[in-house]
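There are 2 protein chains.
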Amino acid sequence: MEGDAPGGGEGLTLLGLWASLFVIRARIALNLKGLTYVYTEENLSDKSELLLKSNPVHKKVPVLIHDGKPVCESQIIVQYIDEAFPNVAGAPILPSDPYDRAVARFWASYVDDKLYRTWVPIFRGRTAEERVQAATQVVAVLQTLEQAFKKCSKGKPFFGGDSVGLVDVVLGGHLGWLYATEAICGVKVVDATKTPLLVAWAQRFCALDAVKGLIPDVDRLVEYNKTRRAGLGLPLLLPYVELQQ
Amino acid sequence: MEGDAPGGGEGLTLLGLWASLFVIRARIALNLKGLTYVYTEENLSDKSELLLKSNPVHKKVPVLIHDGKPVCESQIIVQYIDEAFPNVAGAPILPSDPYDRAVARFWASYVDDKLYRTWVPIFRGRTAEERVQAATQVVAVLQTLEQAFKKCSKGKPFFGGDSVGLVDVVLGGHLGWLYATEAICGVKVVDATKTPLLVAWAQRFCALDAVKGLIPDVDRLVEYNKTRRAGLGLPLLLPYVELQQ
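Keeping their order, the protein sequence lines are chains A and B.
Per the UniProt record's numbering, the first sequence runs over residues 1 to 245.
Per the UniProt record's numbering, the second sequence runs over residues 1 to 245.
There's no promise every hint is true.
Straight-line distance between alpha carbons at most 30 Å, and here's what the computed BS3-like set of lysine-lysine pairs gives [said to hold, decoys possible]:
| # | chain 1 | residue 1 | chain 2 | residue 2 |
| --- | --- | --- | --- | --- |
| 1 | B | K156 | B | K59 |
| 2 | A | K212 | A | K60 |
| 3 | B | K53 | A | K59 |
| 4 | A | K53 | B | K156 |
| 5 | B | K212 | A | K194 |
| 6 | B | K226 | B | K59 |
| 7 | A | K151 | B | K47 |
| 8 | B | K212 | B | K151 |
| 9 | B | K156 | A | K114 |
| 10 | A | K188 | A | K151 |
| 11 | A | K59 | B | K156 |
| 12 | A | K60 | B | K212 |
| 13 | B | K188 | A | K114 |
Here are some, though not all, of the chain A residues that point toward chain B, as calculated from beta-carbon distances under 10 Å [stated by the list, open to error]:
| # | residue |
| --- | --- |
| 14 | I77 |
| 15 | D82 |
| 16 | P86 |
| 17 | P98 |
| 18 | A102 |
| 19 | D162 |
| 20 | S163 |
| 21 | C206 |
Just so you know, these hints were derived from the structure itself, not from any lab.
Beta carbons: idealized from backbone N, C-alpha and C, even for Gly.
With the hints as constraints, model all of the structure from the sequences given.
Here is the structure:
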């Protein structure tokens with residue numbers, strides 16, 4: 001694929017992992033810009049030399065390699081894509097007004113600082129109670145994001161207004177795992193009775209051409225979580241086994 | 001002071017705390033741009049209505065209020081100052097090239113993710129061992145930043161090259177506390193035998209007009225740490241008492 005990209009995307013390679021919410025963000029941003037890229041799936045148990053060389057500090061995916069130069073960390077990659085390809089298809093991911101940019105960065109940062117950190121024990125908690133407690137906290141974080149959506153979108157379809165912005169991409173990357181939370185620990189976190197605007201936003205977001213096929217199915221994430229927990233020596237906790245049957 | 005600023009800085013208020021490394025970053029950025037601002041010292045035990053209203057999500061300093069609109073989170077504030085005031089005195093804080101911007105954001109993010117998180121137990125660790133272990137890890141993080149300095153500065157005085165950039169501002173905000181670490185727990189972390197380039201950089205950085213007077217003295221930080229530990233119900237651990245006598 002390399003070299004035949006429309007819109008200036010030649011020389012783009014993404015090192016990723018299908019289940020990683022951070023990788024999904026980078027892929028959505030590349031799609032929004034209409035950029036063609038080579039996607040390489042990494043094996044976290046046997047990381048490639050290219051990954052270790054490209055991200056020697058964190059040794060993590062995603063890494064975007066553009067003309068041989070690596071860019072690491074998902075939010076930095078999304079901003080890089082927006083800044084390095086300003087003249088391709090698709091609206092800018094960050095707004096042009098400095099204050100609007102600061103607000104977008106604030107909520108994008110909130111997703112990483114609060115939503116992701118709160119959610120992690122659902123993935124790798126040691127007890128069922130720990131997972132349920134985390135899921136309850138995730139609902140509270142999403143309720144804050146519901147208010148943020150109200151303010152940022154101003155009645156329009158996305159956090160970015162009429163088009164998808166940084167917060168949409170960053171939060172959107174989480175959707176698969178948020179949907180999977182009910183199967184994993186029995187708590188529905190994407191819940192129209194608690195966060196109706198976010199639930200409607202999530203449906204709109206997942207229906208976008210740039211997003212289709214990137215948010216993994218719940219069943220696949222549940223199986224992945226079981227495998228990862230086994231690999232980490234963690235117990236296979238109920239209720240997701242019950243729900244799967 | 002409000003209203004008489006040179007260079008377009010009218011209507012700027014910063015809610016801060018003298019000892020906060022995050023607040024220091026914002027103040028350095030404002031100074032680099034030559035902006036005049038009203039500085040309001042907050043009392044963390046009795047936060048102002050303005051702080052609670054301006055940063056309802058985190059309730060933390062710094063908050064920059066520009067023409068009535070709040071900007072929160074130190075790295076977002078620094079970027080906001082750079083983007084909202086492009087035509088005032090001082091070189092841009094972020095480089096113009098998208099790849100160079102991504103690299104600057106990567107190392108700035110590394111300072112928050114690794115240096116700050118590693119350093120926290122020095123401030124509020126429960127045992128002397130915990131503090132010493134944290135200090136040892138801080139040295140390792142600084143050694144990684146030494147290598148980053150070599151690559152980013154390319155033989156010039158700052159991470160940003162000839163002028164101060166995002167990484168300089170973000171890491172520079174930590175310097176007071178890094179210097180104070182030896183007094184607090186007996187481990188010298190700013191050590192010319194281990195990170196000679198960073199030590200020389202720190203001296204250059206602290207000598208800048210935009211920085212002078214903002215990096216607190218070690219004695220004052222040590223006293224502040226004692227008071228905060230007492231407030232948090234933490235034991236007053238050696239060796240900083242010994243060193244102070």
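task = List, from low to high, the hint numbers that the structure doesn't satisfy.
result = Numbers 1, 3, 5, 9, 12, 13, 19, 20, 21, in rising order.
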